[in-house]
Structure formats: structure tokens, C-alpha cells
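S.K.: Once you've looked at the hints, dock chain B against the given chain A.
Protein chains: 2
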Amino acid sequence: MISILIIGDGNVASHLYQAFLKADAVIVTKINSRNLTDIPNADVTIIAVSDDAIAEVSSKIPNSLVVHTSGSVAMNSLNNKGRKGVFYMLQTFSKNKIVDFSEVPFCLEAENEKDYILLELLANLIGKKVYAINSEQRKALHIAAVFVNNFSNHMYKIGSDICAENNVPFAILEPLIKETASKIETLSPAEAQTGPAIRKDQRTINEHLALLNKQQQEIYTTVTKSIQNGN
Amino acid sequence: MISILIIGDGNVASHLYQAFLKADAVIVTKINSRNLTDIPNADVTIIAVSDDAIAEVSSKIPNSLVVHTSGSVAMNSLNNKGRKGVFYMLQTFSKNKIVDFSEVPFCLEAENEKDYILLELLANLIGKKVYAINSEQRKALHIAAVFVNNFSNHMYKIGSDICAENNVPFAILEPLIKETASKIETLSPAEAQTGPAIRKDQRTINEHLALLNKQQQEIYTTVTKSIQNGN
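Protein sequences, first through last, are from chains A and B.
At position 146 of the first sequence (counting the first as 1) the number is 146 in the working numbering, and the numbers step up by one without a gap.
At position 95 of the second sequence (counting the first as 1) the number is 95 in the working numbering, and the numbers step up by one without a gap.
If we strip away everything but chain A, and leave its shape as in the complex, we get (with noise of 0.2 Å):
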């Protein structure tokens, strides 16, 4: 049996939880974030808050190894005394959303073989694709995320508003947004793009930019000179 420790109460922390729950040859124990008297010993401890808490929650953990789950925060940014290592999942956990372990990439990092191996067991009782990323890797990878995944979403409610002021069904739009998201498992992003911005089309893209507010206007300015040049 290895025991598990995850500290944390956000999503993270609760879709982690849950998952191990259901694993085998583990024991998993739970505790909040603010509550960091009598910690119980584990194998593994899982420090699930947000990236500004993980140096001073790590600092008061006794148990070793203690790994983070974030994708921004490098491992040395722990401050337990013990081993350290990460334990990131590159994926989007909402609180009403099911998640789907076996589709999410895990991106391990230890100081150690020994403690990576175990890392990597751990990811392959609930999941199936495991990675070894590095700080350095993690931290671009958190960034690209950000764009493939917060700021696609942000398109995704510009076009939802679009349709809402005009009376039309958002789900007319369903089709597109899945099948823009997995034409990248054939295409490359690049070689997938279309629309008035790769085509030069100005009457169209001044046409659209005389319909839409000043922000999303700017966004609109934005990403098609961004098209443009290829960036």
C-alpha cells in the first residue's frame, strides 16, 4: 500500500482525491489547506493549492516526498525539508465537469529515479499518459496551455455574446469549435488556418470590425496582424 496525502479543497485537490479513491493499492487521505496541525504521515504528499501558497504550505510538511501540482511553480520553489518533486496534470478541472483520467497527460518531475518511478506508478493507477517534463518544459508548457485552452475558451464566449445579441443559437457553432479542436490530430495548426485573416480579405475584416465593440475590436486587430505575420 502507498499512502497519499493531498493537501488542497479546490478542484485539483477534489478531481485528484476522487481518482484515487477508485485506485487500487493506494490509501488516500485528504486535508484543507488552512487546517496544517497534525499532518498524517504519507508516502506521497500532494500539495494541490494555488501557486502563490505551495512555498509556505511545503515549509510546513514534515512527510518526504512532497510534490506540487502546479504548471507554473518550479520544484525548487518547495520548501519542505524532506525530497521534492511535481506532479502536474496539463488538463482543465471544473468543478461540474467530469474528468476523464485516462485522456489527461501527466508531467512528472522528481530529484531522484527512485521517487520518479514512483511518480510515474502513482500517475499510471489513474491515468495513461505519463511524461517526464522538466521545470524548465513545464513552465512553457503552462504558458502554451494558456493560450490553447483560457484564451480559445475567451473566442469561444466572444462568439457565444456574438450570437446572443443577434438571436442566434450558440449550438449552430458546436460543430465548427469540435471540429477546429481535432483537425490538429492530422493538421498542424498552421497548415489548418483559414477565414479573412490568412486570406488578406480587408473588405471583411473592416466589415467585421465596423459590428463589434471596442474590445473585441481590439482582440479582432490583434490576433488577425498576428495571423498575418505569421507569428
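Derived from the structure by calculation, the hints contain no laboratory data.
This structure is a prediction, so every number in the text was calculated from the model and none was measured.
One should not assume that every hint holds.
Copies of the same chain look alike in the list, so a pair counts if it fits in one copy or across any two.
Within a straight-line C-alpha distance of at most 20 Å, the following computed DMTMM-like cross-link-like pairs (lysine to aspartate or glutamate) qualify [claimed, not checked]:
| no. | residue 1 | residue 2 |
| --- | --- | --- |
| 1 | K97 | E174 |
| 2 | K129 | E174 |
| 3 | K178 | E191 |
| 4 | K128 | D24 |
| 5 | K200 | D51 |
| 6 | K200 | D9 |
| 7 | K129 | D100 |
| 8 | K225 | D100 |
M.R.: Just chain B now, with coordinates in the frame of chain A:
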């Protein structure tokens, strides 16, 4: 038998031609828009050319009904003498990617009910999702499509560039991209928003900006501001 003439040689024209070739009850012919002599008779002539060429190409078509396939050109921009309509497929078409027409929303418009019913019949021969969308609504949909398709794809492009620069396989991001797109079936884009922008996590935002090039920084800043303003 309904006779269809498709004019154009881009992606839309050739995908549409292939789809109608497989359909029952229609005879389909396709000609190049640069060769408009001896235009064959047809019950429906579908002009699938660039937006800028629709007015001129349509002026040379003696047939009626004539429809275009553009998301951003009004029905009355057609310059044929006979009846007019629109046969807009809100989907992205690429040369090297098969299109599943059963997933494509057909947005139709005609000057009279009889022509609308004919276009609806044609759309149902090759597809399943058919909507009556007037010229104003179609323009709004087209702008929304630019955001959810063209601009999201450019976010993938930037993510892919960042991965390449850091020797990380872009494939790690594929599950996240698909999850982001499928989330909108159960959550609105506003509800689905995660990441440093919506959390107002300024430390992470600053760290990301420090690692981006100038054009990427401009997009990052503009989209982050828009997310934070709730636009």
C-alpha cells in the same frame, strides 16, 4: 432530378461537389469561375468563389435560382437577374481533411418560400443540421465563427510554437484542446473559463509575459484584459 451547377475551384466548391456526387436525386456539374462561357442550365447554381468575386460572377449567370456560399456577403449582393438565395455552410473546409457533412450546419436564405424549400431539400440530401438564417444573422454568425475557429486555431498555433521552442511534443496539448472544445456542450464559455487571467494571478501572468516574444505578449495582454473585464 434536380440539376445543380457549382461554380468555383476552392475547398468549398470541391467538397460540395464531392458530396452532391454521392447524393441521390441530383445531377451536379462543376465549372471554373474563370471560364464563364457556355454556362450549363441548372435548377440551382451555387457560386462558391471568394467574397470579392461573388457580385461579378453572379452577374454572368443566366440561370435562376442563383445562391452563394459566403458567410459575410448579403443575399442582395448577388447580381444575377433571376431569383437569389444563400447556401452557407458554417464549417471549416481544408483541402486535406474529409468533411462530415452530417455535422455541418447549413444556414439557408431565399427570397421566397418555394426556393427556401428547394434549398432545404438540397441541404438535407447531404446534411442534417439546417437553419433558416437571414443576412444580418449570418453576418453575425460569420464573425462569431472567425473568433471560435480562426482565432482559436491561431491560439493553437502559438501553443505549438512555444512547444517547439522548448522541445516538448505538441501532442501533450491535444487532450486539453479537445476537452476545452467539448466542455461547451455542458458549460457556457463564461462558466468554463479557468486560468491566471480569470483568477487575476498577476505573478503567473508576469512570469508568462517575460517568456513570450513581442507579438505573443501583445495577444496575451489583450486577451487577459478582455477576460478580466468580462467581455
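S.K.: Each hint: holds or not?
M.R.: Okay, the hints, checked on the actual structure:
Taking the shortest alpha-carbon separations for K97 and E174, both the intra-copy value of 17 Å and the inter-copy value of 18 Å come in at or below 20 Å. Taking the shortest alpha-carbon separations for K129 and E174, only the inter-copy value of 12 Å comes in at or below 20 Å, while the best intra-copy value is 27 Å. For the homomeric pair K178 and E191, the shortest alpha-carbon distances inside one copy (17 Å) and between copies (18 Å) are both at most 20 Å. Proximity of K128 and D24 under a CA criterion of 20 Å is satisfied intra-copy only: 15 Å inside one chain copy versus 45 Å between copies.
When the C-alpha separation of K200 and D51 is checked against a cutoff of 20 Å, the pair qualifies only between copies, where the shortest distance is 12 Å, while the shortest distance within a copy is 41 Å. Only between protomers do K200 and D9 lie at most 20 Å apart by alpha-carbon distance; the minimum there is 19 Å, versus 48 Å within a single protomer. Taking CA atoms no more than 20 Å apart as the test, K129 paired with D100 passes inside one copy only; the shortest distance there is 12 Å, against 29 Å between copies. Neither within a single protomer nor between protomers do K225 and D100 lie at most 20 Å apart by alpha-carbon distance, with minima of 37 Å and 31 Å respectively.
Hint 8 alone, counting from the list given before, is not met by this structure.
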